[in-house]
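S.K.: Given the structure of chain A, go ahead and fit chains B, C, D, E and F onto it with the hints provided.
Number of protein chains: 6
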Amino acid sequence: MTHKTELSRFELGLAKLAEVDGKVGEEVVAPLGDLGKYVIEFAFGDIYQREGLSLREREIATVAMLTVLGRETQLRVHINAALNVGLSAEEIEETIIQTVPYAGFPTAINGINILKDVVSEVHG
Amino acid sequence: MTHKTELSRFELGLAKLAEVDGKVGEEVVAPLGDLGKYVIEFAFGDIYQREGLSLREREIATVAMLTVLGRETQLRVHINAALNVGLSAEEIEETIIQTVPYAGFPTAINGINILKDVVSEVHG
Amino acid sequence: MTHKTELSRFELGLAKLAEVDGKVGEEVVAPLGDLGKYVIEFAFGDIYQREGLSLREREIATVAMLTVLGRETQLRVHINAALNVGLSAEEIEETIIQTVPYAGFPTAINGINILKDVVSEVHG
Amino acid sequence: MTHKTELSRFELGLAKLAEVDGKVGEEVVAPLGDLGKYVIEFAFGDIYQREGLSLREREIATVAMLTVLGRETQLRVHINAALNVGLSAEEIEETIIQTVPYAGFPTAINGINILKDVVSEVHG
Amino acid sequence: MTHKTELSRFELGLAKLAEVDGKVGEEVVAPLGDLGKYVIEFAFGDIYQREGLSLREREIATVAMLTVLGRETQLRVHINAALNVGLSAEEIEETIIQTVPYAGFPTAINGINILKDVVSEVHG
Amino acid sequence: MTHKTELSRFELGLAKLAEVDGKVGEEVVAPLGDLGKYVIEFAFGDIYQREGLSLREREIATVAMLTVLGRETQLRVHINAALNVGLSAEEIEETIIQTVPYAGFPTAINGINILKDVVSEVHG
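Protein sequence lines, in the order shown, are assigned to chains A, B, C, D, E and F.
Numbering-wise (the working numbering), the first sequence opens with residue 993 and increments by one.
Numbering-wise (the working numbering), the second sequence opens with residue 993 and increments by one.
Numbering-wise (the working numbering), the third sequence opens with residue 993 and increments by one.
Numbering-wise (the working numbering), the fourth sequence opens with residue 993 and increments by one.
Numbering-wise (the working numbering), the fifth sequence opens with residue 993 and increments by one.
Numbering-wise (the working numbering), the sixth sequence opens with residue 993 and increments by one.
You can trust all of the hints, since none of them are fake.
Identical copies carry no separate label here, and so any pair may be met within one copy or between two of them.
Below 25 angstroms or equal to it, Euclidean Cα-Cα: the simulated BS3-like pairs (lysine-lysine) are:
| id | residue 1 | residue 2 |
| --- | --- | --- |
| 1 | K1108 | K1029 |
| 2 | K1029 | K1008 |
| 3 | K1015 | K1029 |
| 4 | K1108 | K1015 |
Since the hints were derived computationally from the structure, they do not count as laboratory data.
If we strip away everything but chain A, and leave its shape as in the complex, we get (with noise of 0.2 angstroms):
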């Protein structure tokens, strides 16, 4: 019989965050203490190494629900973290566009804004 210890949800938190969001994930985490701890042990380590989704599906996910929370600084992350899954900047613009009957346009163009502006760092 086998634990997954403190320290395996950690190193399985790490691998699976560089997986899914890149460099710029390592960055918004690493000064965050604690917090971000917890973002790579919980979020990382438990819950997106679940099976069950794709990651694809699960940037999806993630993608519309920033949007409509208005959550501005992690919305630009997970659209980066989104195209580095492998979709494309116009499924984003797809995923943002079906928030617009259950949320309404204000995040929605919030959201907009902010896929342009990562397509043009991404490709400036």
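M.R.: Okay, now just chains B, C, D, E and F, sitting in the frame of chain A:
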């Protein structure tokens, strides 16, 4: 050159609503008057009929959004819709678990309880 | 030079509450203890008695806000209040429809359903 | 029998957008692609062109909603719109003060600060 | 050098859940499957067992948050928890009143009504 | 029999504002006109001067609320207030970490980053 007319957006939307939500959607929309007309024309005739994401992906985004927004009546409708377009109960559970890092446990707990209700109704 | 005293803010608020909400307001506020006192003194004695917008305009703003915030118990109270200060059911419906571009369909659908309930109670 | 075509909803919406927001609206919508098309067709071509409330009343509702939702970029646009359709700065201030009992001071403080910015730009 | 294992986080969390919420917590968490496991391991095994704030202070923060977020099912659980860790009904009322300047009356009114329910159940 | 007059609520509130927020509060409130008067009279003259919770406990509740509501300007003010009434930076960090189970990581990350800013300003 052809134009989609108002009539065709409504008809297109009605067909898409049936495809996505089955009968439940029509029952929700029918008594809403002009608001129901816009749900059909705009949400289903304009947005849901777009290409670029599958219905399965649109429902993953929608279940995640409605969970974190705490819109429980509509979440119930869209959990049925998600089952209807081919997501398994396990994948819907997974989508709700994916919301925890972004919006915490309370809305996810409410989401899981609604999912359990819907599943037991479907099987009951 | 005159000062409004605490007593007069409470009395002023109580009169304004009756003008705006009729009996429903008093029933909601009475069991709330100190919180109810602040509703009367601050919300009605300070804010609602201000000039610059008509009661009709204040209720348009309030119905819109409570709809998008999803505060259903208070929305019910203020749909009654809106009818009470002279808005028609059609104008209240129109106010709720105006929320859709800003906050999406789910909160508007809940709002319309509460409006229908209130109207059928009033006419029942 | 006549149908409004897609084209006419867009044209109707564009004219209504200019009536409500002046140039600011067009600048916000132009770079948004399909999302901007829906803002024009649905928000302005369908919703804002409805009868039943005056533009003045629609902007009172909209300023109140955007204040409590904390959507600051769009609040700035709609404070300009409110001035444009005939509300005075004092009436907009009054609308923002009306939000306090329903959503507290922080969003109202942000709203008043944006109003002050807009007024000083207009007069600057 | 020692590691907390997964097992010990779960056990630690279960003991903390009992300390905070009494039986009510366990009843809420038990039917939730993997989500319930994360409530126990992460919310109670990781967060609630931290030093730096007393349980009393954590429940003051939690009652305030759940009130303003409008999460009524969980607020009911945590009003019980707050009583359980030593807050008086008057202190919980005071915590809810403290939310008014930050989120307005509607969520506070809902909070006070839940508090009154819980107190009458406890004394009933 | 004595009445608190409007004047005394304002004076009481102004003294309490200085006790809680130091100079920062006054700078925020001064340019707000009537809204600023209500912040002083109602938030500080009525609510903050109540007994039943210590200022330390009121700021724990307030930091938690403003974090989960994402009201960043006011969170900055109240992190200063929390330091001012005797909370340590570590206790404020702990309060922000306590929000994660209830509202997720994005608002907590924003909160921690504001805390780090405030602490480096205070020490800078």
